[in-house]
Every structure is written in C-alpha cells, then in structure tokens.
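Participant: Each protein sequence line maps, in turn, to chains A and B. Residue 438 in numbering that gives the first Met the number 0 is what sits at position 439 of the first sequence, and the numbering runs on without skipping anything. Residue 335 in numbering that gives the first Met the number 0 is what sits at position 336 of the second sequence, and the numbering runs on without skipping anything.
Everything labelled a hint here was simulated from the structure, so no lab data went into it. Do not rely on the hints blindly, as some may be mistaken.
In this list, chains with the same sequence are indistinguishable; a pair is considered to hold if it fits within one copy or across any two.
Using 30 Å as the maximum straight-line C-alpha spacing, the simulated BS3-like pairs for lysine-lysine come out as follows [stated by the list, open to error]:
| # | residue 1 | residue 2 |
| --- | --- | --- |
| 1 | Lys-555 | Lys-486 |
| 2 | Lys-112 | Lys-156 |
| 3 | Lys-278 | Lys-551 |
There are 2 protein chains.
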Amino acid sequence: MWICARRRIKVHSATARRVHTAWPKAARPVRLSALYSPTLSADATSAADSIESLKLLLRGGYVRQTASGSYTYLPLGMRMIDKIRGIIDEEMQAIGASCIEMPQLLGSALWHKTGRMDAMGSELFRLRDRRGAEMILAPTHEEEVTRLIGSEIDSAKCLPVRVYQIGRKFRDEPRPRAGLLRTKEFLMKDLYTFDSDADAAKASYADVGRAYSNIFNRVFDWQHLGESATVWRAAEADTGAMGGTFSHEYHVEDPIGEDTVLSCSACAYSANTECATSKAQPAQHFQVQLHQRADASSLYALVMPKSAVLHPLAMARFGLVSWNGEGRADKLRVLVDSSCALPDTTLRTIVQDGIANRVTDVPAISTIQQDTQLCAAQAGDPCSECPDGALEAHRAIEVGHTFLLGTRYSTALGYGVGSGAQRVPLQMGCYGIGVTRVLGALAQHAARMYTKQNTNAQRKRAGFVWPLAVAPFRALVLPSPPHTPEKMHAANTLCALLDNGTAPRWCTSSGPLHLHVPHYDIALDDRSCLSFGARIFDADLVGYPLVFILGKHWEKTGEVEVRMAGGTTRYAHIEGVSP
Amino acid sequence: MWICARRRIKVHSATARRVHTAWPKAARPVRLSALYSPTLSADATSAADSIESLKLLLRGGYVRQTASGSYTYLPLGMRMIDKIRGIIDEEMQAIGASCIEMPQLLGSALWHKTGRMDAMGSELFRLRDRRGAEMILAPTHEEEVTRLIGSEIDSAKCLPVRVYQIGRKFRDEPRPRAGLLRTKEFLMKDLYTFDSDADAAKASYADVGRAYSNIFNRVFDWQHLGESATVWRAAEADTGAMGGTFSHEYHVEDPIGEDTVLSCSACAYSANTECATSKAQPAQHFQVQLHQRADASSLYALVMPKSAVLHPLAMARFGLVSWNGEGRADKLRVLVDSSCALPDTTLRTIVQDGIANRVTDVPAISTIQQDTQLCAAQAGDPCSECPDGALEAHRAIEVGHTFLLGTRYSTALGYGVGSGAQRVPLQMGCYGIGVTRVLGALAQHAARMYTKQNTNAQRKRAGFVWPLAVAPFRALVLPSPPHTPEKMHAANTLCALLDNGTAPRWCTSSGPLHLHVPHYDIALDDRSCLSFGARIFDADLVGYPLVFILGKHWEKTGEVEVRMAGGTTRYAHIEGVSP
Chain A
0 MWICARRRIK
10 VHSATARRVH
20 TAWPKAARPV
30 RLSALYSPTL
40 SADATSAADS
50 IESLKLLLRG
60 GYVRQTASGS
70 YTYLPLGMRM
80 IDKIRGIIDE
90 EMQAIGASCI
100 EMPQLLGSAL
110 WHKTGRMDAM
120 GSELFRLRDR
130 RGAEMILAPT
140 HEEEVTRLIG
150 SEIDSAKCLP
160 VRVYQIGRKF
170 RDEPRPRAGL
180 LRTKEFLMKD
190 LYTFDSDADA
200 AKASYADVGR
210 AYSNIFNRVF
220 DWQHLGESAT
230 VWRAAEADTG
240 AMGGTFSHEY
250 HVEDPIGEDT
260 VLSCSACAYS
270 ANTECATSKA
280 QPAQHFQVQL
290 HQRADASSLY
300 ALVMPKSAVL
310 HPLAMARFGL
320 VSWNGEGRAD
330 KLRVLVDSSC
340 ALPDTTLRTI
350 VQDGIANRVT
360 DVPAISTIQQ
370 DTQLCAAQAG
380 DPCSECPDGA
390 LEAHRAIEVG
400 HTFLLGTRYS
410 TALGYGVGSG
420 AQRVPLQMGC
430 YGIGVTRVLG
440 ALAQHAARMY
450 TKQNTNAQRK
460 RAGFVWPLAV
470 APFRALVLPS
480 PPHTPEKMHA
490 ANTLCALLDN
500 GTAPRWCTSS
510 GPLHLHVPHY
520 DIALDDRSCL
530 SFGARIFDAD
540 LVGYPLVFIL
550 GKHWEKTGEV
560 EVRMAGGTTR
570 YAHIEGVSP
Chain B
0 MWICARRRIK
10 VHSATARRVH
20 TAWPKAARPV
30 RLSALYSPTL
40 SADATSAADS
50 IESLKLLLRG
60 GYVRQTASGS
70 YTYLPLGMRM
80 IDKIRGIIDE
90 EMQAIGASCI
100 EMPQLLGSAL
110 WHKTGRMDAM
120 GSELFRLRDR
130 RGAEMILAPT
140 HEEEVTRLIG
150 SEIDSAKCLP
160 VRVYQIGRKF
170 RDEPRPRAGL
180 LRTKEFLMKD
190 LYTFDSDADA
200 AKASYADVGR
210 AYSNIFNRVF
220 DWQHLGESAT
230 VWRAAEADTG
240 AMGGTFSHEY
250 HVEDPIGEDT
260 VLSCSACAYS
270 ANTECATSKA
280 QPAQHFQVQL
290 HQRADASSLY
300 ALVMPKSAVL
310 HPLAMARFGL
320 VSWNGEGRAD
330 KLRVLVDSSC
340 ALPDTTLRTI
350 VQDGIANRVT
360 DVPAISTIQQ
370 DTQLCAAQAG
380 DPCSECPDGA
390 LEAHRAIEVG
400 HTFLLGTRYS
410 TALGYGVGSG
420 AQRVPLQMGC
430 YGIGVTRVLG
440 ALAQHAARMY
450 TKQNTNAQRK
460 RAGFVWPLAV
470 APFRALVLPS
480 PPHTPEKMHA
490 ANTLCALLDN
500 GTAPRWCTSS
510 GPLHLHVPHY
520 DIALDDRSCL
530 SFGARIFDAD
540 LVGYPLVFIL
550 GKHWEKTGEV
560 EVRMAGGTTR
570 YAHIEGVSP
C-alpha cells in the first residue's frame with residue numbers, strides 16, 4: 000500500500016504485496032478440484048519404466064513422458080521444481096550472483112572460435128534458420144556469457160561479476176535413460192564467475208562450493224524424520240571437454256547413478272573414478288601394456304602392478320593411443336607406475352619379457368620414466384590423503400559440476416581487462432546444477448524413505464516421503480464424504496488456523512502438538528468425483544508430509560486425525576474445528 | 000518452523016518460510032554493488048536501435064541484444080519479467096488453471112496429423128536428431144497439450160481442465176524488428192482449456208477474458224501518477240492458421256505496433272482491421288473488381304462502393320484468387336456489397352460497363368448475390384454495433400491472443416470423452432500472452448511517461464516511469480559519497496524502516512508522507528566505483544518509483560530527500576535516520 004499524501008491515490012494492497020511469488024498466496028488453500036494432478040494405478044505405468052521412482056513420479060502425477068528423453072512437468076512436479084529453484088536463487092544471490100536469461104537458440108560463430116562446435120560432436124543439436132545460418136540449441140552458455148560480460152567489462156575495478164540463469168538446456172543424448180536423469184531437454188542452473196586474477200577466481204570457486212553445500216544440504220534434508228546422514232558429496236572430477244584447471248562433481252549416492260565415486264572411509268577425500276588417486280603400494284607382480292603416439296613415432300611400454308587398471312586420464316596425459324600392432328617404431332619408451340619402484344636393469348628385463356611374444360622386432364629402450372601415475376584407483380586401495388582410510392566405491396547420480404575454467408574461453412574469444420601491456424584475460428569459472436536431475440535423485444531417495452517408514456508389508460502401498468523444503472505441499476486437509484457445508488466449513492477453518500502463523504499448541508492424548516505450515520503450502524482435497532479411499536491412497540502416493548483427516552473419528556469424537564510422514568498418527572482437539 | 004512434539008526436531012524457520020520466491024527475502028535490501036546492472040551512455044547504443052524504448056532498455060541495463068531477434072535479459076529485466084509472471088500466475092490460478100511445463104523440442108508426428116507442419120511453413124524451426132528423426136522447436140503447444148490431456152481424460156466428469164505454462168517459444172521470423180516486439184525466441188504464457196461441450200467452452204473463454212482484463216489492468220497501471228486511462232483493449236480478430244470459431248486480440252495502443260485496430264468512438268466495439276465490420280452506408284459511386292476461382296471455372300465480378308477496400312477475409316470466404324486475365328470462363332457471377340443495394344438490371348449495366356475494357360469476350364451473368372460483406376471497415380465508417388459511433392484507427396502492439404478452438408485439434412488427434420454413440424470430441428480454447436512483448440509495450444509507455452513527467456527540457460535526461468506493480472524495484476536508497484560507517488548505518492536503518500511494514504507517518508513541511516515498500520523490493524546503491532552524479536543519473540534512467548537520497552541536504556538538515564516518480568520532491572525527517 001502506497002499512499003501519496005498530496006494525491007491520496009491508494010494502490011490496492013493486493014497488487015502491492017503479491018509480487019515475486021510463483022503462485023498466489025491469495026489462493027489459500029489450493030483446492031485439488033482445481034489442480035490438474037492425475038494419479039495412475041500401478042498397472043497404468045508401462046513395464047518399460049523400470050525405475051521405481053520414475054513409476055512413482057508418473058503414478059503420483061508429477062511428470063509425464065512425451066517422447067524418449069523428454070518430459071512434461073505436471074503441477075505437482077512444477078511446485079517441487081519451483082521450490083528447488085527458490086533455494087538455488089537464495090544461495091546464488093547470497094554470494095552476489097545476479098539472475099539473467101540468455102537465449103537457448105544460438106548462432107554457431109562463437110562456438111567455432113572456441114573449437115567446441117567440433118568437440119561437442121553429435122551431442123549438439125544443430126539446425127539452420129530460413130536464411131541458412133547455422134544455429135545450435137545451447138547445451139551450456141560459456142561462449143555467450145563470455146561475450147556478454149567480456150564486451151562490457153574492461154576494468155578490473157568492475158570485477159568480480161557473477162551471473163547465473165535457470166533454464167532449459169538441450170543435448171542430443173544417444174541413449175536417454177533413467178527417467179529424469181538423462182534426457183534430451185533438461186532444466187539447469189548455470190552460474191559463471193569472472194575475476195581479474197587466478198587467486199580471485201579461486202576465491203570465487205570456494206564461495207560457490209559453500210553455496211552448493213548449502214543448496215544440497217537444504218534440498219536433501221530429511222531431518223524432520225530424524226535422518227541426519229548426508230546423501231550428497233563433492234568429488235574431484237575430470238575437466239573433460241569443458242576445459243579448465245580443476246573441477247568437482249556433486250553426487251547423490253544411488254545405485255541407478257551412472258557415475259562411480261571412490262570415497263575414503265576415514266577422511267573427506269572423494270573423487271570420480273576417472274580421476275581418483277590412491278596411495279601407491281609396492282607391487283610384487285607386474286604387467287606390461289603397449290601403446291604408441293598417434294603418429295606411431297614411438298612405442299610405449301607401461302609397467303604397472305599385475306591387477307591394476309590403466310587410469311582413463313593417463314593415456315591423455317602422455318598423448319597415447321592403443322598400439323596398432325603394425326609397423327616398427329625406432330624407440331621404445333618405458334613408463335613405470337609409482338607402485339613399481341625397481342632398478343632400471345630389472346625393468347629392462349620385465350619389459351623385454353613382457354613384450355617378447357607380441358613385438359617381433361623389439362626396439363632398444365630409449366628412456367625409462369619412473370614414478371608416474373598410471374593406475375586408476377580402485378575400491379580397497381589405501382587413501383592418498385590420509386594415513387588410515389581405504390577407498391570405497393559408490394554408484395552416484397551427478398547433480399552438479401563445477402569448473403575453474405581459467406582463461407580457456409576469455410583467451411579464445413579475446414576478452415580481458417586492463418590495457419596495453421597490463422591487459423590480462425578474464426579468469427572464469429562455470430558451475431552447473433541439474434535441476435530436473437535433482438528432482439530425479441530426490442524421487443529415488445523419497446521412494447526408498449517411504450519403504451523404510453512403512454515397514455508394514457500388508458499395506459501394499461507405495462509413495463514418497465519428501466524433504467519438507469521441497470515437498471509439493473506441506474500439508475493436506477482431507478474431509479471425508481459427504482462434503483456437507485458444516486464439514487467444509489470446519490476444513491476451511493483448519494486451513495485458516497494452519498495458515499495464520501500463530502497456530503496454538505494443540506493438545507493430544509500424547510502431549511502437545513506444535514505445527515506451523517505456511518499458508519501457501521496447504522492443499523484441500525475437495526474432490527467429490529473420487530471415493531474417500533481413493534483420496535487417502537492418493538495422499539500416500541503423492542507424499543504430503545502432514546495429512547489432516549476429517550473423517551469418522553472426527554465425526555464421533557471431534558478429534559482431527561493427523562498423519563505424519565514419519566508414520567506417526569496423532570489425534571488432536573482443535574478449537575473451532577469440531578463437527 | 001515445525002516442531003514435532005515427540006521428536007523435538009526443529010526445522011529451521013528460514014528454510015520453512017523461504018519457498019516460492021524468485022529471489023531471497025533475506026537479501027534485504029539488494030545491494031547494487033552485487034547486482035549486474037550495467038548502464039550505457041546515450042552514444043553507446045547503436046543508431047540501428049531506432050526505437051527509443053529499446054535504446055532505454057539497453058541503456059538502463061535491462062536487456063542486451065545477442066543476435067538479430069534474440070535478447071539476453073539482465074537482472075533488472077528479469078525482475079520485471081518475474082513480476083509480470085507473478086501477476087499472470089495469480090490470475091491464471093484464480094480461474095482454476097494449473098501450471099505445467101511441456102518440452103520445447105517436439106517430434107513432428109502430431110504436427111503432421113493436424114496439418115500444421117505444412118501450414119506453419121518457414122516460420123517453424125525444424126531440425127533432425129542424431130537418428131534422423133524430424134523435430135521442431137515449439138512455437139505453440141496445441142498438439143502436445145491435446146495429447147497430454149486427451150490421453151488421460153475420458154469422462155466429462157473430469158472436466159473442465161485448464162493448464163498453462165510460461166516458457167520460451169521459437170519462430171523463424173523473416174524480419175525480426177522493434178526490439179522485444181518481434182523476436183525469434185520469446186517468452187509466452189500459453190493456457191489451454193478443455194470442456195465437454197460448446198457452451199462450457201464458451202464459459203471458459205469468458206472466464207479467461209476476465210482474467211486477461213485483470214492481468215492487463217494490473218500490469219499497465221500508472222494510477223499512482225493519477226493516470227486513469229486504460230492503455231490496452233480487446234479486439235475481435237481473425238482465427239487464421241490457428242483455426243477455431245472465434246478469437247480476440249489484446250492490444251496496447253502504440254505507434255510502433257504492427258497491428259491496426261478499428262475502435263468505436265462511442266461503444267466498446269474494437270476489432271483488428273483484418274476482421275472489423277462497419278455499418279453499410281448507401282453508396283453513390285461504384286467499382287467492379289474481377290476475381291476467379293482457383294481452377295478458373297467461374298469469373299467473379301465484385302461490386303463495391305468506389306472508395307472501398309476489399310476485406311482481406313472476403314476472398315477467402317468465397318474461395319477466390321485474383322483473376323489471371325487469361326482464358327475464358329463460361330459463367331460470370333456477381334457479388335454485391337451490402338452498401339450497394341440496387342435493382343438487378345442496374346447491376347447488370349454497372350458490371351458490363353465496369354469490365355467491358357478488361358475482358359474481351361464477356362460471359363453472360365449467371366447469378367447475382369446481393370447483400371454480402373465485401374468491404375473492409377475503414378476509419379470514419381459508422382460503427383456496426385451502436386447507433387452513433389464512428390470507427391477510429393489506432394496502431395497497436397498485440398500482447399495477447401485468445402482462440403475458441405472448438406474441436407479443431409481434438410478431432411484431428413482423436414481425443415474425446417464418453418463412449419460409443421455418446422462419445423464427443425473435446426472442446427478446446429487456447430490463450431496466449433507474449434510476456435516479453437508485454438515488457439516491450441511497457442517500456443514504450445514508460446519512456447513516454449518519463450518525457451511527460453519531466454517537461455523541464457534543460458534536464459536533458461531520459462528514463463522510465465514504470466507502473467508500481469512491475470517496476471524492477473519499488474525504491475532506491477542512495478547515500479552520497481563518502482560512504483562513512485555512520486551514513487551507511489543510516490541508509491541501512493532507512494531500508495529496515497521501509498521494510499518493516501509499519502512505517503510511521505513521516506512529517507514533511509508539506510504534510511504527512513505515508514509510504515510502505517515491501518522489503519524485498521528495495522535497492523541500496525552502495526557502489527563506490529561510480530560518482531554520486533553518475534548514480535543519480537542511473538537512478539533516473541532505471542526508473543525507481545521512489546528514490547531516498549542521503550546527500551548534502553541530509554547532512555545539513557537531517558532531512559531525507561524523497562524523489563517520487565511523478566516529479567515531486569519531498570524532504571522528510573525520519574526518526575533514526577539522522578547524520
């Protein structure tokens with residue numbers, strides 16, 4: 000309300016207060032008769048939906064599949080996505096990041112300059128506009144944002160700049176799978192940081208790490224059920240095609256995940272198998288692998304412990320490809336893993352023996368390079384970061400990925416700060432969170448949590464137990480039929496009581512019950528087209544953390560039945576809510 | 000805060016309350032030092048940006064152009080878009096519409112079925128995925144939503160269903176122009192209604208009309224400046240390629256608009272020139288136009304008043320194309336506009352005379368059809384809906400378009416309710432609002448409003464005067480340099496006072512001043528890299544409705560300078576905010 004003294008124009012307060020909300024606070028509670036939330040029976044989901052949590056998302060009316068790797072988000076799914084977004088927005092803005100939106104359909108010129116038009120290969124959706132200009136559907140926005148910020152910032156005084164967006168991204172997945180986890184079109188948060196030197200960029204990287212920690216702690220939070228275990232972890236990761244100096248993945252442990260993470264049993268060390276390291280243990284038995292340079296100029300013999308696996312990055316580090324078994328190299332170079340510390344003479348014998356049957360005309364050994372890291376870390380290996388720990392392997396869903404990019408993009412596109420000899424390229428970082436993947440990972444845990452909480456096998460029910468911060472609604476008020484005016488009045492009074500922020504201590508036979516549910520988060524099941532039983536079943540499937548039932552017990556005793564996600568049921572006398 | 004009596008687990012209230020907001024209420028106020036909002040000088044915008052409001056959006060740091068017809072929205076633009084979205088969300092949900100999100104990348108199969116793959120022509124962005132499957136970037140979602148709802152609803156009991164989304168749409172515009180008004184990628188709200196019969200569908204159409212009225216009244220609201228004129232209007236429109244039975248466009252009057260609307264000076268009648276009608280006035284002088292059927296089987300002579308223009312839809316109604324001047328038709332049919340009521344014999348003479356010089360071998364007149372509507376309505380014509388009004392022409396920006404679709408899509412795709420002989424196709428409506436176009440139209444008016452409010456030519460400034468409901472911020476607190484701890488403390492105290500919802504009546508020399516600005520809507524200009532003058536200039540350019548200056552006047556007298564969008568400046572003593 001803004002009243003200007005002289006003019007006395009009153010702007011109606013409804014308008015003044017209702018900004019910035021994804022849905023109206025005025026529409027309290029949300030009536031299920033007006034919310035499109037179709038639930039499905041167990042047999043309505045196809046056998047192809049092999050993932051239990053996806054089946055439940057379909058059955059609960061959260062999502063629908065539109066094509067392979069493509070989903071429509073229904074109102075309940077949208078509410079969860081909006082809550083996840085809300086948490087991300089808060090934590091991003093807490094570290095001074097501003098929200099922007101860049102186009103999804105981009106010209107290809109900048110991508111040619113950075114070399115990613117080729118590097119992204121067939122994962123990139125490409126098209127041509129009516130004039131024949133080559134365009135792409137953005138899978139990420141490093142090029143675009145580098146130009147946006149780089150073309151306007153020319154002084155270190157204006158840095159740091161941190162901008163992020165939450166929007167659709169596209170990737171031409173060869174094998175869309177696992178429901179929301181690997182899709183052709185997905186919702187992503189992408190943050191970009193710009194600093195004037197490497198130290199400042201590292202400080203930005205650390206700030207984002209703390210923000211990510213807050214985000215995932217808030218999103219994956221089942222504390223209200225007494226669950227204190229953290230389900231996510233940050234792991235060292237490979238920078239891959241994105242480039243840059245270092246990188247972390249954020250994972251949620253899950254058997255359907257596509258990543259394998261090795262984590263220490265004793266310390267906080269965690270890394271993707273792609274780049275995990277372990278403490279070298281002296282080896283007793285050895286193997287020799289043959290590789291070559293791409294141009295076949297040199298043959299390489301790699302000496303590793305017998306049971307070890309070559310590290311996926313080792314080949315790249317030395318510029319090697321598999322030996323083609325042909326031709327004759329002049330030189331034979333020997334690379335020795337740090338776990339195989341041996342005198343050069345012994346190594347020569349091992350190499351000669353190891354390749355004697357494979358190479359007809361063995362070249363002379365030209366160099367021996369010991370103490371390199373050739374082996375991938377494996378479960379059971381001793382941790383490289385602490386004295387006592389051993390590495391354990393977990394399957395995990397990658398929900399976030401951060402990269403300290405350095406000057407990879409600013410150099411390629413020519414953007415920097417300062418002038419003349421003082422001019423330096425912008426130092427960048429980029430940071431993603433897969434918003435729809437977070438929803439998929441949440442669903443996996445929430446379905447397992449349901450099973451854990453509902454051990455009574457006779458119920459034969461299924462559903463979700465969501466974290467409070469992201470549940471589509473905090474509470475459901477469910478009056479049994481018939482929906483008499485008196486009962487609906489009581490139901491509305493209950494909604495208002497829950498809503499007003501000063502809910503009294505309600506007395507139950509087992510002690511006081513303190514509840515406060517924000518008003519915009521209450522659903523009222525006023526549907527008359529469904530049976531009472533079907534609506535109770537729906538409530539379980541959808542997974543409301545609190546369900547208030549005005550049924551037979553209420554009619555007889557005046558007590559409201561309160562079902563809590565943890566499995567507890569309480570009966571409460573609530574003033575003003577009596578039959 | 001939710002405290003469970005038995006477990007005594009307290010969920011921290013910050014998490015509990017902060018859902019559903021586009022940005023954090025906790026971050027109060029927003030500090031401009033951490034908001035990416037680069038303003039540009041007048042000469043930094045290119046001469047090609049011929050539209051004044053676009054120049055101002057660029058200069059004020061609202062948007063940046065990324066390519067022809069493609070824009071990035073910067074934080075200030077995003078805040079406005081989020082506010083417009085918030086209003087749309089509220090009004091959609093007030094009529095029982097649920098928010099969903101469908102994919103933007105769609106398969107082409109359904110579009111082939113409805114015939115729109117061909118009908119949309121080169122406006123549709125087309126591409127192929129890695130398997131060669133034909134895909135499109137959705138310009139709209141009738142096909143997809145018809146399948147989504149149609150495949151799950153099979154009983155009239157489950158209707159009505161109303162679902163909407165707010166997301167990116169794509170159109171391969173041949174001539175992107177006018178800044179945000181005609182772009183290749185834009186933000187649109189699209190609502191779809193499903194009913195079981197035509198009457199219910201009409202009721203839905205009427206509900207949406209009222210919701211649209213609320214939306215545009217709230218968005219285009221300069222009442223705080225004493226402006227009561229409505230800048231938008233609903234006009235009857237052609238259904239075009241979308242199909243259906245009737246249609247309305249929602250326009251904002253503006254000289255840069257691409258549509259021309261004819262509106263009655265006396266009644267509420269308004270229609271796009273494409274379909275406007277006017278009262279027939281008896282004509283004195285006549286013209287004869289020649290047309291033919293596509294197969295040249297019949298020649299048509301159209302008799303109209305001399306000065307009249309053929310209605311764009313008349314040709315389509317009679318299945319005519321322009322006469323190719325060749326061949327010889329056996330029959331000559333005569334169509335006579337209702338303004339040319341004449342005896343058949345007179346008409347025969349007029350037609351023979353009118354075409355004598357153009358057709359060598361004039362066929363005999365086979366039929367004469369009088370009282371048809373052939374003429375387009377023109378400015379100055381008498382209104383067809385009321386006795387006294389005359390039509391006036393306005394250039395206008397189309398910001399919304401609604402269609403009563405009938406069964407155009409449900410029949411083509413085979414979706415209906417009921418079974419056997421009782422089965423009927425779904426009755427649909429579709430309803431768009433161009434969200435980024437609304438921003439463009441707002442900018443046009445807000446720039447003109449600034450000029451109107453700032454008649455003092457010597458100031459030579461430019462900027463926006465936004466409606467309160469959609470301004471990026473409601474208020475700015477601007478301390479002059481140096482930013483001493485005392486001054487920043489006073490600035491923060493002022494923000495807190497504005498924020499707490501119980502702002503006192505501040506006394507000024509000219510009477511009390513009542514202000515309430517929601518806390519999440521205050522910006523604090525704490526930038527030290529810019530001069531005081533540059534920041535004052537920025538404040539004008541961006542267009543904060545209220546600016547509180549802690550400058551020299553405040554240092555001397557303790558009074559805060561309050562600049563209001565209307566041009567008024569007041570000085571107020573505010574307790575706790577003194578030097």
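Participant: If a hint holds in the structure, say so; if it does not, say that too.
Facilitator: Now the hints, each set against the structure:
1. Lys-555 with Lys-486: Within. Shortest intra-copy distance 13 Å satisfies the 30 Å Cα cut-off; inter-copy 64 Å does not.
2. Lys-112 with Lys-156: Close inside one copy (28 Å), not across copies (58 Å); limit 30 Å.
3. Lys-278 with Lys-551: neither (65 Å within a copy, 66 Å between copies)
The structure shown violates just one earlier hint, number 3.
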